[in-house]
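**Q** Listed below, chain by chain, are the residues.
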Amino acid sequence: MTVTLLPFAACCALLAAGVTLLLERSLVRVLAGVIMLGNGVNLLIITAGGDAGGPPFAGTPGMADPLPQAMVLTAIVITLGVTAFLLALVHRSWQLTGSDEVQDDTEDRRVRLRARRGELGDAVRRRQDAYRRLIADQRAELAHLEAEQAERERLEEADLERRISRVHTELERWMREHREKGVSDEELQDRLEEAGQREHAAVTDNVLRIEELREEHERRREAQAARERELRTRLKGRQREARRQLRAAIREERTRQALGDPELEGEDS
Amino acid sequence: MTAQITGHTTAHIIESLVCVPVVLPLLAAGVKLAIGGRLRRLQSLISLVTLGVSLVVSALLLVTVDAGGPLVTELGGWPAPIGICLVADRLSTLVLLVSSAVTFCVMVYSVANAYDVQEHDAPMAIFHPAFLVMVAGVADAFLSGDLFNLFVAFELLLSGSYVLLTFGGTESRIRAGATYTLMALASSMLFLIALAITYAATGTLSMAQLAVRFATLPEQVKLLVELMLLLVFAIKAAMFPLSAWLPDSYPTAPAPATAVFAGLLTKVGVYSLIRLEALLFPGGPISTLLMWVALATMLTGVLGAVAQTDIKRMLSFTLVSHIGYMVFGVALSTAAGMAGAIFYVVHHITVQTGLFLVTGLIERRTGTTSVSGLGGLMKTAPLIAVLFFVPAMNLSGIPPMSGFLGKLMLVQAGLAAGGPLPVLLVAGGLVTSLLTLYAVAKTWGKAFWRAPREATTGTVVESEEYTGQEPTVTTATLPVALSAPVAALVALGLSYTVLAGPLSALAQRAAVELMARGPYIEAVLGRDR
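Top to bottom, those sequences are chains A and B. Residues 543 to 811 (my numbering) are what the first sequence spells out, left to right. Residues 4 to 532 (my numbering) are what the second sequence spells out, left to right.
Extracted from the complex, chain A is given alone in its bound form:
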């Protein structure tokens, strides 16, 4: 069977236009798309019936195939009925919502809301984790410093001990010398004073250093605490901000799309 090009091309054009309109969100356009599709399909059926011929009556020479014509009549009637119904539907939709847009599926909306919530929640969690890691790092560093400081302090203290014990042994030696050899009291006194002065200077020095170290340690700890406090307030601020964004997004989503859909209110909010 051969197909006449012109009706076939017309039918293709109608079908293409119909499908394009069918993909629109406005129901009126969709309706127009349905009508065009219907006409295109009817033309296709006629084309499928073969070449144009005489009237489809039995006994006519060159009679056309009557079956496709009967089918097209049926199809036209059905399309008419469905179009009328769709028109009523569009009108009712416009009455109820003031727009003739196809609305999103409730489930879709819910899924989208939940996804948005999940995304924002994830972002907040990620940021929280980052801050937590930062604080942990700083604490570890502080602990390290503290350990170092403690070690130094210990060394200084050990040094002090050693000096004191040296002084003690020296003292003992002098006392022994004093008992055994009879070193004069004056000389002993002099020696003692000299040693005392020497050691006193060293010990004061040591103690000063230890105190210095302790002070520095204290300063660092305070600085660290201040930094942590600041980080925490910043984190809290960010979290509040994120939560506000989330709430705003949900509110916007609801007002934009719910359009009085009762299923969306209430649950899982």
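It should be emphasised that the hints constitute simulated quantities derived from the structure, not laboratory data. Wrong hints could be hidden among the right ones.
Derived DEER-like restraints, expressed as beta-carbon distance ranges [claimed, not checked]:
#	chain 1	residue 1	chain 2	residue 2	range
1	B	55	A	593	48 to 56 Å
2	B	37	A	546	42 to 50 Å
3	B	419	A	789	52 to 60 Å
4	B	80	A	545	28 to 36 Å
5	A	593	B	227	19 to 27 Å
6	A	779	B	392	51 to 59 Å
7	B	529	A	545	28 to 36 Å
8	A	789	B	392	35 to 43 Å
9	A	554	B	59	48 to 56 Å
10	A	565	B	288	29 to 37 Å
11	B	19	A	593	35 to 43 Å
Not everything, but these chain B residues come out facing chain A in the computed CB check (under 8 Å) [stated by the list, open to error]:
#	residue
12	155
13	162
14	165
15	169
16	172
17	174
18	177
19	181
20	184
21	185
22	189
23	192
24	195
25	196
26	199
27	202
Every residue, glycine too, gets a C-beta built ideally from N, C-alpha and C.
Got chain A; can you put chain B on it based on the hints?
**A** Then chain B, alone, in the frame of chain A:
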């Protein structure tokens, strides 16, 4: 001589009975539209008598056809390949019988419901005719022996369902109705295009003649036509990935309408798919595709069901999921697989309709179908609990109920077919069954078992009845007229277990007859052609 004449006339009468399930509801719908909103008792009586007669006629047809082979009625007196004929074989009469029984029960329920909630007259005046037109369309689709008539049948049942789905014109129904109508329209247009191509290629649309003529066509043309028809039926049957419209639109409709939609409309798609695969394109190359589709339908559907908190939505998703089982049976393209699919269709029509009706009862009792607002129904409404529990367990395939038997038939057929893909599908089917059990058990545990909450007693939470007004919540005892049809459906579902032997044998015979193709073609075209 007299005996011969009587025999002949009896055969003739029975043959002409084939058109009764189609013509009678249409006539009744016309009469009821003429009566309008008056004479409610007469209206209910007409509906019930019509559907009752359809039920009796389908039973009679099934017995006749099972004994004596397919029956053909040529409409308008035109001979078969030119005119349109109705063909009743074992498959079509079996599903017709089940669907008549189900629609009868649903009609009793909706009549009782209308009296129960004291509705306005106007919606009822539309509800019954629309329902009858839809029933006529379903019967026409089952009996049609002609592809164009199948299209007309689809349009009939769809136009009825458009009206039922948007009943009352509330906002959520209009929204769901828009999706549903556009989806159905798109599939109708595809169907018409497929019909045009088929007619251009073969010069006929009579299914019997097509079955003969397709054999002579080039493979590519055959594949094109087959895929287009498959697309149309896949939309109707809600097969993945064309199933998204179903859980979106069904739950908003009034309970009796949703019940019939769930029970019958998708099964019309499955039935057409069976005809397509068995009669028109036997051993076609798309079985592998169908198997993957079946697997995806089963799994995506049931995973959706698990996530739902609303009973109606949950049931809609299980509906999609269980379509996968039937598609699996069809995709096996063996007699055993077909028999399993047919058995499953019969089981699923009954059980799914029953479940949706019970959900209607729950809604009547509590005003909501969301499990988050339900609780303690086991104590407060034990009858509803039993009526929900039995079909729910039946659906998830607890032995020895028919859901288990249907799945068993499919599993056996799948294992018998061998090969990795059928075995994968068997595994997928078992997982789906388990997840279905999980989904319904979750619902059961929340709605029926947990302690009753204050919020649920007598307060309205969300959904609306099908007048579009506030739902009528009543704690009064269920009227028998309302619980009896549901109980009848549940009992029908259970009876498939008792009658499993004869029923599965009948399904086997229907499948063998289908796969043989000869009886159908001969009955329509005559032995000589």
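**Q** Taking the numbered hints from earlier one at a time, note which ones the structure violates and give those numbers from smallest to largest.
**A** Of the numbered hints given earlier, the structure breaks none, since each of them holds.
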